[in-house]
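A.B. asks: Sequence:
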Amino acid sequence: MSVTPRRRIRRAALLGAVCALAVTGAGLTGCSSEDPDAGTNGLGKLSADKIQAKAGTAAQAARTVRLHGSVEAAGSTYTLDMRLKADGGTGSVAAEGTTFGLLRVGEQLFLKADAGFWSHDGGDVKAADKLAGKYVKVPQSDPVYKKFSGFTDKDVLLGGLLTLHGTVKTDGRHEQAGVRTIRITGDDGAGGSLDVSLEGTPYPLRLVRAGSAGTIGFSDWNKDFALEQPAKDDTLDYGKQLPSS
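Counting from 564, one number per residue, gives the positions in the sequence shown under the numbering used here.
It should be emphasised that the hints constitute simulated quantities derived from the structure, not laboratory data.
Treat the numbers as computed from the prediction; the structure is a model and nothing was measured.
Don't be surprised by glycine CBs; every beta carbon is placed ideally from N, CA and C.
Check before you lean on any hint, since a few could be wrong.
With a straight-line cut-off of 25 Å between C-alpha atoms, the simulated PhoX-like cross-links for lysine-lysine are [said to hold, decoys possible]:
{"id": "1", "residue 1": "Lys697", "residue 2": "Lys732"}
{"id": "2", "residue 1": "Lys689", "residue 2": "Lys700"}
{"id": "3", "residue 1": "Lys689", "residue 2": "Lys617"}
Label-pair distances were calculated between CB atoms; the ranges are [what the hints assert, rightly or not]:
{"id": "4", "residue 1": "Lys689", "residue 2": "Gly713", "range": "37 to 43 Å"}
{"id": "5", "residue 1": "Pro702", "residue 2": "Thr661", "range": "20 to 26 Å"}
{"id": "6", "residue 1": "Pro706", "residue 2": "Glu597", "range": "56 to 62 Å"}
{"id": "7", "residue 1": "Ser782", "residue 2": "Pro702", "range": "30 to 36 Å"}
{"id": "8", "residue 1": "Pro706", "residue 2": "Thr733", "range": "38 to 44 Å"}
{"id": "9", "residue 1": "Gly774", "residue 2": "Lys693", "range": "20 to 26 Å"}
{"id": "10", "residue 1": "Asp797", "residue 2": "Asp751", "range": "30 to 36 Å"}
{"id": "11", "residue 1": "Ala616", "residue 2": "Gly696", "range": "43 to 49 Å"}
{"id": "12", "residue 1": "Ser782", "residue 2": "Lys709", "range": "24 to 30 Å"}
{"id": "13", "residue 1": "Ser610", "residue 2": "Asp644", "range": "29 to 35 Å"}
Let's have the full structure, built from the sequences with the hints guiding it.
C.D. replies: Here you go:
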């Protein structure tokens, strides 16, 4: 081997050692030529509008998702933990000091809660005891159906949530639950922010809604789960309209 190649090798080794010192805090700069998008899905190279579009497309195309966090709507704050797919969803919702379960299979919506939920605000105590702990079938004509079925509808819920208001910009690289993300914001954060995965499919992972109207996490994309009608012994059909509560 000639002298020149050996010198080049030694020079490269020395440069590598110097750059290692920079990484560990020596304060040196200009050593790294590593591509920040290496090993990612390339989303970080796109404009904010294209990132938002790809995230929305990926979310709508996914078969399933778990959604958990808080949402403010119509003057109330709802804490959600829902698993959703095309033909329904299952999970829990907490609001106004009470928690209830929701299950929708096809067009059939069921609500499960304790007696305190059904007797809230002076509801019928006798009826509440009868309904407590049961999967109560919600008639489609009942206002409750319209109010809560949206929490079990993947397309409706994602379509309403995955929206940023104002001018959309990128806001650097971040991390959610160990996954690298690219963040986009509306009106520098005032219109909400969305973290989108830089690894694999560009799924949304975390949303901060505009106006501090809640924070939602998204996980378990495309992880299937069982969605079945409740057992007959655990089901109660109250009729055409539920008792007021």
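A.B. asks: Determine for every hint whether it applies to the structure shown.
C.D. replies: Do the hints match the structure? See the list:
no.	hint	result
1	Lys697 <-> Lys732	violated (47 Å)
2	Lys689 <-> Lys700	holds (18 Å)
3	Lys689 <-> Lys617	violated (51 Å)
4	Lys689 <-> Gly713: 37 to 43 Å	violated (30 Å)
5	Pro702 <-> Thr661: 20 to 26 Å	holds (21 Å)
6	Pro706 <-> Glu597: 56 to 62 Å	holds (57 Å)
7	Ser782 <-> Pro702: 30 to 36 Å	holds (33 Å)
8	Pro706 <-> Thr733: 38 to 44 Å	holds (42 Å)
9	Gly774 <-> Lys693: 20 to 26 Å	violated (41 Å)
10	Asp797 <-> Asp751: 30 to 36 Å	violated (49 Å)
11	Ala616 <-> Gly696: 43 to 49 Å	holds (45 Å)
12	Ser782 <-> Lys709: 24 to 30 Å	holds (28 Å)
13	Ser610 <-> Asp644: 29 to 35 Å	holds (33 Å)
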